[in-house]
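Q: The lines below spell out each chain.
Protein chains: 2
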Amino acid sequence: MEITSLQNNKVKYWVSLKQKKQRDLDRVFLIEGNHLVDEALSLGIVKETISTKNKNADYFVTKEIMQKISSQKSISDIAAVCAFLPEAEIKGNILVLDGLQDPGNLGTLIRSSVAFNFETIILSDDSVDLYNDKVIRASEGMIFKTNILRRNLSEFLPEIKGKGYKIIGTDVVKGKPFKEILPEKKIAIVIGNEGNGMSDSVRNLCDEFIKIPMMSNCESLNAAIAGSILMYEAYHE
Amino acid sequence: MEITSLQNNKVKYWVSLKQKKQRDLDRVFLIEGNHLVDEALSLGIVKETISTKNKNADYFVTKEIMQKISSQKSISDIAAVCAFLPEAEIKGNILVLDGLQDPGNLGTLIRSSVAFNFETIILSDDSVDLYNDKVIRASEGMIFKTNILRRNLSEFLPEIKGKGYKIIGTDVVKGKPFKEILPEKKIAIVIGNEGNGMSDSVRNLCDEFIKIPMMSNCESLNAAIAGSILMYEAYHE
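These protein sequences, in sequence, are chains A and B. So the first sequence is numbered by this note's numbering: it starts at 15 and just counts up by one. So the second sequence is numbered by this note's numbering: it starts at 15 and just counts up by one.
In isolation and in its complexed conformation, chain A is listed as follows (with noise of 0.2 angstroms):
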């Protein structure tokens, strides 16, 4: 179908999709670019295609309203609205993520966790949306490769300590270097909120805790490089 109004109803209905509250309650999400809607039509999450090029897309638009409807400065040819991301057994290293709330961080964080084969992510329910915009696009289309699930930790992190899971939190303080914490077994490791870490609850529910050393001149590193580099460890073990 072509749509050259700005004005139409499901230009109207995209441009909603910017918003959380719209996005949950329909349970999808918009992306854009090739390479996204690639990924995204090979999992068969794909509802519907729009396209400023391809007239065989289930909507054809024009670039004003592919415009209107991206968050990108320079848009891309084509967007497509999904389905929200199934949820899969877990299984693998869990990445858990607690409070954290910036977008970039998030998606550099799912990122990575497929470098470092971390098969399971674990957001908080106080965490960022998974499919806020920046998420998608800082993760570089590995949100499509990977598990994630949100969660209340307070009632997840029993359960994958029964599972045999060891929980392992960041403390600059009392935790101990990478080597010393034989990973014989299946780890989680938790990254907290960006200004305040991990919550008391989550903090009295790990097993074992860990540090990066680093210069006393700074007192901490960012979320997503603290996190990036302890799933690199992990994985070199």
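Watch out, some of these pointers could steer you wrong.
It does not matter which identical chain is used: a pair holds within one copy or between any two.
Said to hold, decoys possible - Below, simulated BS3-like cross-link-like pairs (lysine-lysine); rule was C-alpha separation at most 25 angstroms, straight line:
#	residue 1	residue 2
1	Lys159	Lys225
2	Lys24	Lys180
3	Lys32	Lys148
4	Lys24	Lys177
5	Lys34	Lys87
If you are wondering where the hints come from, they were derived from the structure by calculation, not from laboratory data.
With chain A's structure known, arrange chain B on it following the hints.
A: Relative to the frame of chain A, chain B by itself:
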């Protein structure tokens, strides 16, 4: 001096410092928040302070004015106009950024460089502006604790080679693992542009190439992650 009008020329000037052009013209930039202002004061680069609370600041302003000059959603009580950071002699390990474009990545790399004791950062001519407010914010104050120079890399890299530095680039194909490159002397690690990597001219000036082992289903890491992991490795050798 107290200012209450949004139309005041001083207010207009502070707003104009959001533009790189104006910053470069006057070689000053604006910072916000107690933490950064304290760091800048201790460095002696503050030209004027602007406060909504302290009548002893150089300029005592309304919250509306602070909102107008601020780049953040939630404003601070204090801001300051600072002179561009002084350049010091090159020393220690060096992080070279070749066409890095994302301000968040630059700020994050500055933060990690202080954590992992890379004492000098070199920005290529075409890298993002150091005084972009997002760079300053992402650096978490570490911008004041390191030495950052902007240079033409085709001239700069041969110069530091002459001073005994080994230039190390990244290459996902022919790069060696970090352990194989014995850092017997001082090193300069090069991180390239987010989309395109290093430029050919810089690549040709590298003495060695390194790679970060990762899963084959992930093409690459975020530039700030890659740079931080390499600095972390160098710091731990």
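Q: Each hint: holds or not?
A: Going through the hints against the structure:
1. Lys159 to Lys225: between (28 angstroms within a copy, 22 angstroms between copies)
2. Lys24 to Lys180: neither (48 angstroms within a copy, 57 angstroms between copies)
3. Lys32 to Lys148: Classified as both; 11 angstroms inside a copy, 23 angstroms across copies.
4. Lys24 to Lys177: neither (46 angstroms within a copy, 63 angstroms between copies)
5. Lys34 to Lys87: both (20 angstroms within a copy, 19 angstroms between copies)
When each numbered hint is compared with the structure, violations occur for hints 2, 4.
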